[in-house]
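J.: Use the sequences and the hints to build the structure in full.
These protein sequence lines map, in sequence, to chains A and V.
The first sequence begins at 1 in the numbering used here and counts up by one.
The second sequence begins at 1 in the numbering used here and counts up by one.
Simulated from the structure, these hints should not be mistaken for lab results.
For each residue, glycine too, the CB sits at the ideal point set by N, CA and C.
Treat the hints loosely; a few may be bogus.
Stated by the list, open to error - Below, in silico cross-link-like pairs of lysine to any residue (SDA-like), each with a Cα-Cα straight-line distance of 20 Å or less:
(1) A:Lys230 x A:Ile77
(2) A:Lys230 x V:Gln299
(3) A:Lys230 x A:Ala246
(4) A:Lys230 x V:Ile297
(5) A:Lys230 x A:Leu148
(6) A:Lys230 x A:Val88
(7) A:Lys230 x V:Phe82
(8) A:Lys230 x A:Asp150
(9) A:Lys230 x V:Gly278
(10) A:Lys230 x A:Asn243
(11) A:Lys230 x V:Ala84
(12) A:Lys230 x A:Leu84
(13) A:Lys230 x V:Gly300
(14) A:Lys230 x V:Gln294
(15) A:Lys230 x A:Arg81
(16) A:Lys230 x A:Gly75
(17) A:Lys230 x A:Ser76
(18) A:Lys230 x A:Asn247
(19) A:Lys230 x A:Leu153
(20) A:Lys230 x A:Leu79
(21) A:Lys230 x A:Gly87
(22) A:Lys230 x A:Tyr146
(23) A:Lys230 x A:Tyr152
(24) A:Lys230 x V:Glu298
(25) A:Lys230 x A:Gly147
(26) A:Lys230 x V:Ser83
(27) A:Lys230 x A:Tyr244
As the list claims (entries may be wrong) - Residues from chain A that face chain V, not an exhaustive set, calculated with beta carbons under 7 Å:
(28) Val25
(29) Ala33
(30) Leu37
(31) Gly46
(32) Thr54
(33) Ala104
(34) Leu119
(35) Val126
(36) Ile136
(37) Pro158
(38) Ile216
(39) Tyr256
(40) Leu260
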Amino acid sequence: MSTPTPVREEAEAKRRKAGASRWVVPAVLTLGALAFLLPFYLMVIGSLQAEPDTSISGLVPSGGLTTANYSNIDGSIDLWRTLLNSGVITGGAIVGTLVFGVLAGYALAVLHFRGRGTLFAMVLLVQVIPFQLLTIPLYVLTVRTYGLADSYLGMVLPFLVNTTAVFVFRQFFLQLPPDLFSAARIDGASELRVLWSVALPLVRPALLTVVLLTFIGPWNEFLWPFLVTKEAAMQPLAVALANYQANVAATTSNPYGAVLAGSVVLAAPAVGLFLVFQRHFTATNLSAGVKG
Amino acid sequence: MSALTPARPGPASSSSPAGRSRTTTSASDGRPPRGGLTPLQRAFGRHPIGVLLALPYAVFLVAVFAYPVVLAAWMSVHDWFFSAPGVEVSHPFVGFENYRQVLTDPQVHQAFLNIGVFLVINVPLTVALALVLAVALNRAARGRTFFRVAFYVPYVTASVALVGVWLFLLGGDGVVNSLLGPLAPDPSWLVNSSLAMPSIAGFVAWKQLGFFVLLYLAALQNVSRDLYEAASMDGAGRVRQFFTVTVPGVRTTTALVVILAVITGANLFTEPYLLTGGGGPDGASTSPVLLMYQLGIEQGNPDTASALGIVLVVVVGLLVLLNRRLLRSES
Chain A
1 MSTPTPVREE AEAKRRKAGA SRWVVPAVLT LGALAFLLPF YLMVIGSLQA
51 EPDTSISGLV PSGGLTTANY SNIDGSIDLW RTLLNSGVIT GGAIVGTLVF
101 GVLAGYALAV LHFRGRGTLF AMVLLVQVIP FQLLTIPLYV LTVRTYGLAD
151 SYLGMVLPFL VNTTAVFVFR QFFLQLPPDL FSAARIDGAS ELRVLWSVAL
201 PLVRPALLTV VLLTFIGPWN EFLWPFLVTK EAAMQPLAVA LANYQANVAA
251 TTSNPYGAVL AGSVVLAAPA VGLFLVFQRH FTATNLSAGV KG
Chain V
1 MSALTPARPG PASSSSPAGR SRTTTSASDG RPPRGGLTPL QRAFGRHPIG
51 VLLALPYAVF LVAVFAYPVV LAAWMSVHDW FFSAPGVEVS HPFVGFENYR
101 QVLTDPQVHQ AFLNIGVFLV INVPLTVALA LVLAVALNRA ARGRTFFRVA
151 FYVPYVTASV ALVGVWLFLL GGDGVVNSLL GPLAPDPSWL VNSSLAMPSI
201 AGFVAWKQLG FFVLLYLAAL QNVSRDLYEA ASMDGAGRVR QFFTVTVPGV
251 RTTTALVVIL AVITGANLFT EPYLLTGGGG PDGASTSPVL LMYQLGIEQG
301 NPDTASALGI VLVVVVGLLV LLNRRLLRSE S
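T.: Right under this line is the structure:
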């Protein structure tokens, strides 16, 4: 009978809006999480089924889970051997990145030497050179000129130094008060001693950040080790699994199961590390550290 | 990225407290005169050991970045082919012949066209979904950590591992097609010449989205609360606020997202190689890097492959410049 006054209408609208936003936000987030996590669920479930079922009812397996797929993929590609290869490459990349990165980051942040400006300009330049331009000439050099095909050194070479890590270390060292270093120097400490016993303990969070961002890159990398390795015994898991997918899977009776089992083995270490240290993964830290 | 912002090259820090205190202390601790500089310091700067500490990294940069870039440019204007190890062969100068071959190759045109399709689908999808998820995450009352982790998991997972699941999802007898039933496309997603590249663009958007959500989330923290309040006073609803406050507020991040998506597109290799069996059907999902691999390594023409690499880098550089120009003229 009585038409609602503008004030009441507004209050009504506000209430409706508040009611809507109360469920809109969780709904959007849940939908997103489902879209991101469902493929992982399918990966694990599919790897445990004798015959991965692509029908809707197959999404909830009705018993009969088996580890046969894991034995199958282990029979086609030596899982332990390829995991070891992945580990050696990743470990080498981490050690190289830490050593070179700490030394260069410290020198660029704290020390005053001739050529520092030039070096810093080069660091900036490297950030803008895309890796794909380097693929062919690096392949020519590494494989044809230096004869490093099928070797750990050849596979780890482009990952031995991570320029992002140099930046991270430089930023952390810049934040330390310079008086700390001069005090240690007055006490007669050599520069390496200052770096090792004064500076390094204070940037421990940077070490963790760099280890995390270096781990994911080489562990997940496919193109470079794929180019450098022909021998199956030298391939990291990502390459062995990709070759299996491309060449063998089509000829086996249950290709999905074995491929998914291999995917779980390849994904687990990186995902596990991420879940444990997820607080340390921030957008700024990882922006340039991850590929693939 | 933001790690770069406070960084300033050499000269700025030459007057840093570290440098000054060094001079003053060395004057008082019985070192030779002339400002307390030893001959070594005169030659290499106040901290000569800095040269030593930075040397391994500098050598690495030259060996793994600078030299290969020069080699790529050199190879691209010479007739370069693989020879048996230790055999000296001449690589005659051919001028722009390799570039002519690359630029007239229909396969190359197709590959760049494919990347265009990739970007047209990938960029809007990434920007829209990442922004919506970031805004929702920013407003979330509970479960923030859970959602953040869930969105980010694909980003830290190897493409090779995820490709396995996507073949399971998008294969001819895959989960998606059995859900769609008679609506399933024929031929199926990854073997269909008009759907192969969009499928890849969708996969990459999904895989990378978590990273962009975090980028947007960081940008949203910097959008002033006052602007929302002002907009709300003016009677703007949530949706209106999103378009008049949020979207312009995160414009620089959007520009960064576009640049990173272009770089991702230019680097595309693993997904077309594995999802579509080497860039099929009929090259409908070939990428320039995949073509570089086929030309340079499978067919043994690293000279044309290098020329293609340089063309690719020039194209990416132009796109990035264009993006910056647009951003600057807008602001």
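J.: Now, for every hint given, state plainly whether the structure supports it.
T.: Now for the hints, and whether the structure bears them out:
Of the supplied pair hints, the one linking Lys230 (chain A) and Ile77 (chain A) holds, its CA atoms being roughly 14 Å apart against a limit of 20 Å. Under the criterion of a C-alpha separation no larger than 20 Å, the hint pairing Lys230 (chain A) with Gln299 (chain V) is consistent with the structure, at around 16 Å. Our distance criterion of 20 Å between C-alpha atoms is met by Lys230 (chain A) and Ala246 (chain A), whose separation comes to about 15 Å. Only pairs whose Cα atoms come within 20 Å are accepted, and Lys230 (chain A) paired with Ile297 (chain V) is accepted, the gap being roughly 13 Å.
Distance hint between Lys230 (chain A) and Leu148 (chain A) is fulfilled; the C-alpha atoms sit about 12 Å from each other, no more than 20 Å. A hinted pair counts as satisfied when its Cα atoms are at most 20 Å apart, and Lys230 (chain A) with Val88 (chain A) qualifies at roughly 17 Å. For the given pair, Lys230 (chain A) sits about 17 Å from Phe82 (chain V) by alpha-carbon distance, which is consistent with the 20 Å threshold. With a C-alpha separation of about 6 Å, the suggested pair Lys230 (chain A) and Asp150 (chain A) falls inside the 20 Å cut-off, and the hint holds.
Note on Lys230 (chain A) and Gly278 (chain V): the hinted pairing holds, with a Cα-Cα distance of about 18 Å set against a maximum of 20 Å. Taken as a hint, the Lys230 (chain A) and Asn243 (chain A) pair is honoured in the structure, with Cα atoms around 11 Å apart against an allowance of 20 Å. For the hint pairing Lys230 (chain A) with Ala84 (chain V), the CA-to-CA distance comes to about 17 Å; that is within 20 Å, so the pair holds. A threshold of 20 Å between alpha carbons decides the hint, and for Lys230 (chain A) with Leu84 (chain A) the separation of about 17 Å falls inside it, so the pair holds.
Only pairs whose Cα atoms come within 20 Å are accepted, and Lys230 (chain A) paired with Gly300 (chain V) is accepted, the gap being roughly 16 Å. About 16 Å separates the Cα atoms of Lys230 (chain A) and Gln294 (chain V), which keeps this hinted pair within 20 Å; it holds. With a CA separation close to 15 Å, the supplied pair Lys230 (chain A) and Arg81 (chain A) stays within the 20 Å bound. Between Lys230 (chain A) and Gly75 (chain A) the CA atoms are separated by roughly 19 Å; this keeps the pair inside 20 Å, and the hint holds.
Distance check on the hinted pair: Lys230 (chain A) and Ser76 (chain A) sit about 16 Å apart at the alpha-carbon level, within 20 Å; holds. Taken as a hint, the Lys230 (chain A) and Asn247 (chain A) pair is honoured in the structure, with Cα atoms around 14 Å apart against an allowance of 20 Å. Restraint check: the Cα-Cα separation between Lys230 (chain A) and Leu153 (chain A) comes to about 15 Å, which is no more than 20 Å; the hinted pair holds. At most 20 Å may separate the alpha-carbon atoms for a hinted pair to count; Lys230 (chain A) and Leu79 (chain A) meet this at roughly 17 Å.
This hinted pair checks out: Lys230 (chain A) and Gly87 (chain A) have alpha carbons roughly 18 Å apart, not beyond 20 Å. A C-alpha spacing of about 16 Å is found between Lys230 (chain A) and Tyr146 (chain A), which places the hinted pair at or below 20 Å, so the restraint holds. Distance check on the hinted pair: Lys230 (chain A) and Tyr152 (chain A) sit about 13 Å apart at the alpha-carbon level, within 20 Å; holds. For the suggested pair Lys230 (chain A) and Glu298 (chain V), the alpha carbons sit about 13 Å apart, so the restraint of at most 20 Å is met.
In summary, the hint linking Lys230 (chain A) to Gly147 (chain A) is supported, as the alpha carbons are separated by about 13 Å, within the 20 Å threshold. Distance check on the hinted pair: Lys230 (chain A) and Ser83 (chain V) sit about 18 Å apart at the alpha-carbon level, within 20 Å; holds. Between Lys230 (chain A) and Tyr244 (chain A) the CA atoms are separated by roughly 13 Å; this keeps the pair inside 20 Å, and the hint holds. The beta carbon of Val25 (chain A) is positioned within 7 Å of a beta carbon in chain V (closest approach about 5 Å), and the interface hint is therefore held.
At about 4 Å, the closest approach between the beta carbon of Ala33 (chain A) and any beta carbon in chain V falls short of 7 Å, and the interface hint on this residue holds. For Leu37 (chain A), the shortest C-beta to C-beta distance to chain V is roughly 5 Å, which falls under 7 Å, so the interface hint holds. Given hint, Gly46 (chain A) at the interface with chain V, holds; its Cβ is 6 Å from that chain's nearest Cβ, closer than 7 Å. This hint holds: Thr54 (chain A) has a C-beta 5 Å from the nearest C-beta of chain V, less than the 7 Å allowed.
With its C-beta approaching chain V no nearer than about 4 Å, Ala104 (chain A) sits inside the 7 Å limit, and its interface hint holds. A distance limit of 7 Å between C-beta atoms decides the matter here; for Leu119 (chain A) the minimum to chain V is near 6 Å, and the interface restraint holds. Using the Cβ-Cβ criterion of 7 Å, the hint placing Val126 (chain A) at the interface with chain V is satisfied: the shortest such distance is roughly 5 Å. With 7 Å as the threshold, the beta carbon of Ile136 (chain A) comes within range of chain V, its nearest partner Cβ sitting at about 5 Å, so the hint holds.
At about 6 Å, the closest approach between the beta carbon of Pro158 (chain A) and any beta carbon in chain V falls short of 7 Å, and the interface hint on this residue holds. This hint holds: Ile216 (chain A) has a C-beta 5 Å from the nearest C-beta of chain V, less than the 7 Å allowed. Because the closest C-beta pair between Tyr256 (chain A) and chain V is about 5 Å apart, less than 7 Å, the hint holds. For Leu260 (chain A), the interface hint holds, the least distance from its beta-carbon to any beta-carbon of chain V being 5 Å, beneath 7 Å.
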